[in-house]
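Asks: If you're matching them up, the sequences are chains A and B in order. One point on numbering: in this note's numbering, the residue at position 282 of the first sequence is 282, and numbering is uninterrupted. One point on numbering: in this note's numbering, the residue at position 293 of the second sequence is 293, and numbering is uninterrupted.
I should point out that these hints are in silico values taken from the structure, not numbers from a laboratory. Warning: the hint list may mix true and false statements.
Stated by the list, open to error - Computed footprint of chain A on chain B; a stretch qualifies when at least three of its residues, placed anywhere within it, have a C-beta under 8 Å from a C-beta of chain A: (1) 60-68; (2) 260-270.
Stated by the list, open to error - Only part of the chain B face toward chain A is listed, based on derived beta-carbon distances under 8 Å: (3) Leu56; (4) Asp88; (5) Ser91; (6) Asn136; (7) Arg139; (8) Gln190; (9) Met243; (10) Asp244.
Unchecked claim - If we take Cβ atoms under 10 Å as the criterion, some of the chain A residues that face chain B in the derived model are: (11) Gly134; (12) Thr138; (13) Asp267; (14) Leu270; (15) Met273; (16) Val289.
This structure is a prediction, so every number in the text was calculated from the model and none was measured. Where a beta carbon is used, it is the ideal one built from N, C-alpha and C, also for glycine.
Protein chains: 2
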Amino acid sequence: MSSPGSATGHRVAEAGERALIERIRSRVPAADPALVVGIGDDAAVAIPDRGALQVLTTDALVEGVHFDRRFSTPADIGHKALAVNVSDVASMGATSRFALLSLMLPAHTTLIEVDELLEGLLELAKRLRITLAGGNITRSPGPLVLDVTVIGSVRPRRILTRAGGRAGDDLYVTGRIGAARAGLEWLREQCVQSGEANAVGGVTLPRPADRDLAECVERYCRPEPRSRLGAILGRTRTASACMDLSDGLADAVTQLASASHTGAEIDAALLPMHPSAHAWFSRIGADAVSAAVAGGDDYELLFAVSPKRRGRLRGVFREARGVPITKIGALTADRSIGLTRNGRLEPLPTGFVHF
Amino acid sequence: MSSPGSATGHRVAEAGERALIERIRSRVPAADPALVVGIGDDAAVAIPDRGALQVLTTDALVEGVHFDRRFSTPADIGHKALAVNVSDVASMGATSRFALLSLMLPAHTTLIEVDELLEGLLELAKRLRITLAGGNITRSPGPLVLDVTVIGSVRPRRILTRAGGRAGDDLYVTGRIGAARAGLEWLREQCVQSGEANAVGGVTLPRPADRDLAECVERYCRPEPRSRLGAILGRTRTASACMDLSDGLADAVTQLASASHTGAEIDAALLPMHPSAHAWFSRIGADAVSAAVAGGDDYELLFAVSPKRRGRLRGVFREARGVPITKIGALTADRSIGLTRNGRLEPLPTGFVHF
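Generate the whole structure from the sequences, applying the supplied hints.
Replies: Written out as structure tokens, the structure reads:
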């Protein structure tokens, strides 16, 4: 850590709330024409998309619960705080438009750390054409907290909920699963090995030299929300139900089936395991399927497609720009949630729950 | 504190995130027809008011920074978390429509405390016709945090910003000032007297027997945002600029003048001091004007009115239903911010800043 007097080392406690807001405002790119009043007033004012519904979601990243300063850089944390919310909006078939950032900063936070948090968030925002419209900053006597709200937009008949699935619908998942969990496990192992298990923030562990493992760590630290694909699934009305994998595939399957009043059966042989994750789980002697299914932080989309609409998937595949979309099972009339593996049906391993 | 086994004493750590969300959902009143998807999915979906702009604001209450568990009951905290956001929306001339609640709960929080937090928030929401549309719950390894987002609605030409004031506009304030600060000071004094200065949460101090002082404490613990009045000021296009007094009158005057590229002059003799606050400040030997002007948490509105629109105030007074509206000074071409007291001009005492 640098000294308080250095260019990078000034603490937020010395800067003042107004100076911090000004600092953030100066980093937000030129105004979105849909934003009538932006950062700096009591509230932001935006022009909603014509004829669209508002999609509203909020999700907090809390230090020590959702991230570890040894694993994630401030830019990673800023990225992820926005990504997890965009993922929620995408899972409704909607497009993210505006974000609000509520920052709770421990007094020892440096200005450079605030800059980096913002940089991570704004880089993703720019790429996805999301405008940071406002927020607030306050001191935290405890952990660093980023609470992001995203306001999205969706046409009335294109909303995807968790509840629209029916028995007989096929279940699909985007991307590959297990990578984020493998990345997290690798990071934890490094801490134990280097004896830094009790070290506190400020120093981020080096990333793995192995390219595949590095990709897993990247997926954990900087998840890529399926923003485009969610909007496509909504727009084309392909999916009957959708949700994201924030708490793992097993959790998502359970929630979607429960909301749809169905059961579900997943086929282990069909699961699009991330190859590096598979290799790494095997290396540490873990059951790769269980680890990948129960592990959270993948931020892929799980969705159901009625057999009648299966034909629409061709168009979705084309628009997916190389993101894999894999059939993994189906919703069932029987309300149980099962995993078929080697011809045997077993209960689906449980996902991650925050309490 | 009751034992973990009692009806009121179950800790959130034992309940699980999903059970908590279900508990909250069961307490939210019957659906708002404008809410298409409410609590329980990945995001909420709402129908925006036709032809209106979206107003977006977020503000967090952090234990140890914005509230003290010895001073405020969980219901007070829930109320205030919503109130401070509604106040921001009102200061834009807008009407609050939807709220999102992001709850960060220490593991020792009891279910009854969660119920009470919600009760305080929902009671105010019901009264102001605001619908709790969603949110999220997570564990906090540190303080209790309530981060609320409010989505409001305003007609395009009725937005009030801080920046619309001009030199020569009169400055008005709603309600009476200083009460919240007096209430807070009284609560602090009780802590010192009872030697509880270092006591931790769970036990709330008794309220004062004196009715006037009790009102001051109530104003601190349960501020009443000027929701109707803000919307009236916007709808009638009476005000040229507006902001709320969350960080005190002095701060609001300074911010509004700065955003409007003017100065301001406030007349101490015109200030609508809360009588109990005045009496209490005098009793403890404090300069009542300075304390009231610098003290935050009043959640009244400060607004500017051009001399040409002064006539519109009559209609606003009529609609204000007894809420006092008092002229306290004017915006000036000279960029300084002054207070006239006993015929002498002095700098305005400084407001509260969070860092």
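Asks: Each hint: holds or not?
Replies: Okay, the hints, checked on the actual structure:
no. : hint    : verdict
1   : 60-68   : holds (count 6)
2   : 260-270 : violated (count 0)
3   : Leu56   : holds, 5 Å
4   : Asp88   : holds, 4 Å
5   : Ser91   : holds, 4 Å
6   : Asn136  : holds, 5 Å
7   : Arg139  : holds, 5 Å
8   : Gln190  : violated, 22 Å
9   : Met243  : holds, 5 Å
10  : Asp244  : holds, 6 Å
11  : Gly134  : holds, 6 Å
12  : Thr138  : holds, 5 Å
13  : Asp267  : violated, 25 Å
14  : Leu270  : violated, 24 Å
15  : Met273  : violated, 24 Å
16  : Val289  : violated, 24 Å
Checked against the numbered hints listed earlier, the structure breaks hints 2, 8, 13, 14, 15, 16; every other hint is satisfied.
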